[in-house]
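*Asks:* Residue numbers (my numbering), protein chains in the order written: chain V, 1 to 275; chain A, 1 to 238; chain C, 1 to 201.
Hints in this document: simulated from the structure, not taken from any laboratory. Just to be clear, a hint being listed does not mean it is correct.
[Said to hold, decoys possible] Computed spacing ranges between beta-carbons, pair by pair:
#: 1; chain 1: C; residue 1: Asp49; chain 2: V; residue 2: Asp271; range: 39 to 45 Å
#: 2; chain 1: C; residue 1: Ala181; chain 2: V; residue 2: Gly60; range: 55 to 61 Å
#: 3; chain 1: C; residue 1: Ala181; chain 2: V; residue 2: Asn157; range: 29 to 35 Å
#: 4; chain 1: V; residue 1: Gly244; chain 2: C; residue 2: Ala17; range: 41 to 47 Å
[As the list claims (entries may be wrong)] Stretch-level coverage of chain C by chain A, calculated; a stretch enters the list once three of its residues show a Cβ under 8 Å from a Cβ in chain A:
#: 5; region: 112–120
#: 6; region: 179–185
Glycine included, each C-beta is placed from N, C-alpha and C at the ideal position.
The primary structure of each chain is shown beneath.
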Amino acid sequence: MKRFNVGFAGALLFLTACSEKAPIVVGSKNFTESVILGEMVAQKLESAGCKVDRRLNMGGTFVCDSAMTSGALDTYVEYSGTALEAILKQPKADVAAAYAKRGLHWGPALGFNNTFAMIVRKADSPGLLNISDLATVADRFRPGFGYEFVERPDGWNGLQHAYNLQFAKPPKTMDLGLTYKALASNEIDLIAGNSTDGLIASLGLIALNDDRHYFPRYDAAVVYRNDIDKKCGGASKALESLRGKLDDAAMRQLNFEVDGKKRDVAAVAHDALGR
Amino acid sequence: MPSSITVREVFNAILQGISLHIDPGEAVAFVGRSGAGKTTTLRLINGLVKPARGEVLIDDVPLARTDLVALRRRTGYIIQGSGLFPHRTVYDNVATVPRLLGWSEDRIRAAASEVMTRIAMPLEKFGARYPRSLSGGEQQRVGIARAIVANPSILLCDEPFGALDPIVRRELQETFRALRSDATIVFVTHDLAEAMRVADRVVLFEDGAIVSDSTSLEFPRLQIPLVQQFVAAASLPA
Amino acid sequence: MIGEILRITAEHVLIVAIAVGVAVVLGIPLGIYCTRNPRAGRVALRVIDTIQTIPSLALFGFLIPVPFIGGIGMRTAIVALILYSLLPIVRNTFVGIRGVDPVVRDAGVALGLTSRQLLFDVELPLAMPSIVAGIRIATVIGIGVATIAAAVGGGGLGTFIFRGVAMVDTRLILAGALPAAALALIADVVLSVVERRMIKG
Chain V
1 MKRFNVGFAG
11 ALLFLTACSE
21 KAPIVVGSKN
31 FTESVILGEM
41 VAQKLESAGC
51 KVDRRLNMGG
61 TFVCDSAMTS
71 GALDTYVEYS
81 GTALEAILKQ
91 PKADVAAAYA
101 KRGLHWGPAL
111 GFNNTFAMIV
121 RKADSPGLLN
131 ISDLATVADR
141 FRPGFGYEFV
151 ERPDGWNGLQ
161 HAYNLQFAKP
171 PKTMDLGLTY
181 KALASNEIDL
191 IAGNSTDGLI
201 ASLGLIALND
211 DRHYFPRYDA
221 AVVYRNDIDK
231 KCGGASKALE
241 SLRGKLDDAA
251 MRQLNFEVDG
261 KKRDVAAVAH
271 DALGR
Chain A
1 MPSSITVREV
11 FNAILQGISL
21 HIDPGEAVAF
31 VGRSGAGKTT
41 TLRLINGLVK
51 PARGEVLIDD
61 VPLARTDLVA
71 LRRRTGYIIQ
81 GSGLFPHRTV
91 YDNVATVPRL
101 LGWSEDRIRA
111 AASEVMTRIA
121 MPLEKFGARY
131 PRSLSGGEQQ
141 RVGIARAIVA
151 NPSILLCDEP
161 FGALDPIVRR
171 ELQETFRALR
181 SDATIVFVTH
191 DLAEAMRVAD
201 RVVLFEDGAI
211 VSDSTSLEFP
221 RLQIPLVQQF
231 VAAASLPA
Chain C
1 MIGEILRITA
11 EHVLIVAIAV
21 GVAVVLGIPL
31 GIYCTRNPRA
41 GRVALRVIDT
51 IQTIPSLALF
61 GFLIPVPFIG
71 GIGMRTAIVA
81 LILYSLLPIV
91 RNTFVGIRGV
101 DPVVRDAGVA
111 LGLTSRQLLF
121 DVELPLAMPS
131 IVAGIRIATV
141 IGIGVATIAA
151 AVGGGGLGTF
161 IFRGVAMVDT
171 RLILAGALPA
181 AALALIADVV
191 LSVVERRMIK
201 G
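In isolation and in its complexed conformation, chain V is listed as follows (with noise of 0.2 Å):
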């Protein structure tokens, strides 16, 4: 699999060679967090007067990556603990001296943290703040997560140790993207979703606050190739500038205009750099 990215990634650098006046080519994972974020992106460097190439979309984390490595893609946007450990498989590493060795720039963080979140319904759980809280209901809460949660070490059994949390009921596996609407429908009680998920606000539930600081960080950053400017003086300013330009709350709000509110992407990154 991995092969047949390289490969694809080596075809799409030839293209892109082949053109005359060489665009930025601007990527983004699969998921509309990404997508969305890829389209800010793109539409920063335009507004500088960058000549661009949208490749959003393109696939997970091992898809960007290896892209970016050769050449196909100049910029995506990444998140510092995946990069730690899916990427660098280095956990305890500096990602941006990591990076620099690998010829790339981990760049502006855009200022959210999109990691792991206890989500739970916010009408049957007064007092519920911090994930410790959950003690006070473990006799009785019904945890609902997917596969992956589940059996990773650094998921829900980790986070019962971390946490000291002793669930009477054992976790309902089920498809990540179900668990929303099984939460939704009081099927279960407590499920691990996404910091900025936009559905924690729409549906009226809540992301704990991880007060023991379980899960790694997750900080969204702009990673580009250190050519970047050779292609498009100018770039890595314009990108220097999205620093900060997003909290926890504003890209949840991004996330729901995009899936609850079905508005188009590119309308809702170019509301979002207006701000």
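Let chain V serve as the given structure and place chains A and C on it in line with the hints.
*Replies:* Here is chains A and C on its own, set in the frame of chain V:
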């Protein structure tokens, strides 16, 4: 006991005012071109086709007041292609109506054995076979046996030998003649020679109406243009 | 591990057996109904066709909030699987009965079979190879589709597959996929034999 059949001023999509009376025990052939209304009229008699206007009476009782299922169980029906049940053995096919009538298995076996002998297909040899292992002529014989095994009071035949080759066809006509029980017989065919061989009375249909109704012997001599056309086409010795 | 595979395979068989069983009980009468009422039948077949095109996760999404038949767990998975299994069974019942030679049906009526006798003594026996083929298709497809039961916490071999995918563990994926493939093959062979037995005479 053979039944009488009366068709009174019947109209529907095909039939344009058909009236006809058949006495008990008569053998009548319906002839005419395809689409002339002969099969439709035949199907009126066992209620497979309903008149839009007019009525059909069996033994002077209107079909509308008759239990059609019971009527059909005492009406034999022989059709082109035999209509044998392909998933049933020859014996089970022949036993269909007796079973519906609730006969004892001994009585059914005796009747089936007798009728199979009459069509020259002994039960011991053919009873356990399935229809598709039989020739077309054999299937049609079993179809006849199935229709007459319970001594029907009416026997309806719709082009029963239409799909068979001339030799087998001739043979079956002979068989049929020999079998002629005391049922009232209505026999649809477009073959005039066949009509004259199996029936004593010939009714000619055209465009949903009856053109002529005479004895078989008189039929070729009728001075009606359509009859003469028919006779000429059949190249019968007039 | 072997013990767990066997237990979960049995769970998988149970899910498919219940779903196909219910689909047979509902689908054959529905197929018969479609032959008797062609207009309503066409609508029913269209609806069942459409259900078939709903992606399983979307179907689960619809079912989770539905009381009694929905929720999460095996029940929802079975309900979804029943809906997916209906099409081949209803359609093959419909096609099988419609395919009965009109001359044979005509003969049945003319010999004095009641409509019930015509159905049970003539039409259904003659449609049986087609109906069994529908059940075979429903079962084989159902064994594959039932792996999605794990998406609503319904258990079955999909549990291994979902866990394996989440953990990028090929052996775990195979622990789910291989028994499912074997089950599908076995079901196909067994039901093909039954089907061929039906075409006799």
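*Asks:* Let me make sure I understand: some of the numbered hints might not hold for this structure. Which ones are they, in numerical order?
*Replies:* 2, 4 and 6
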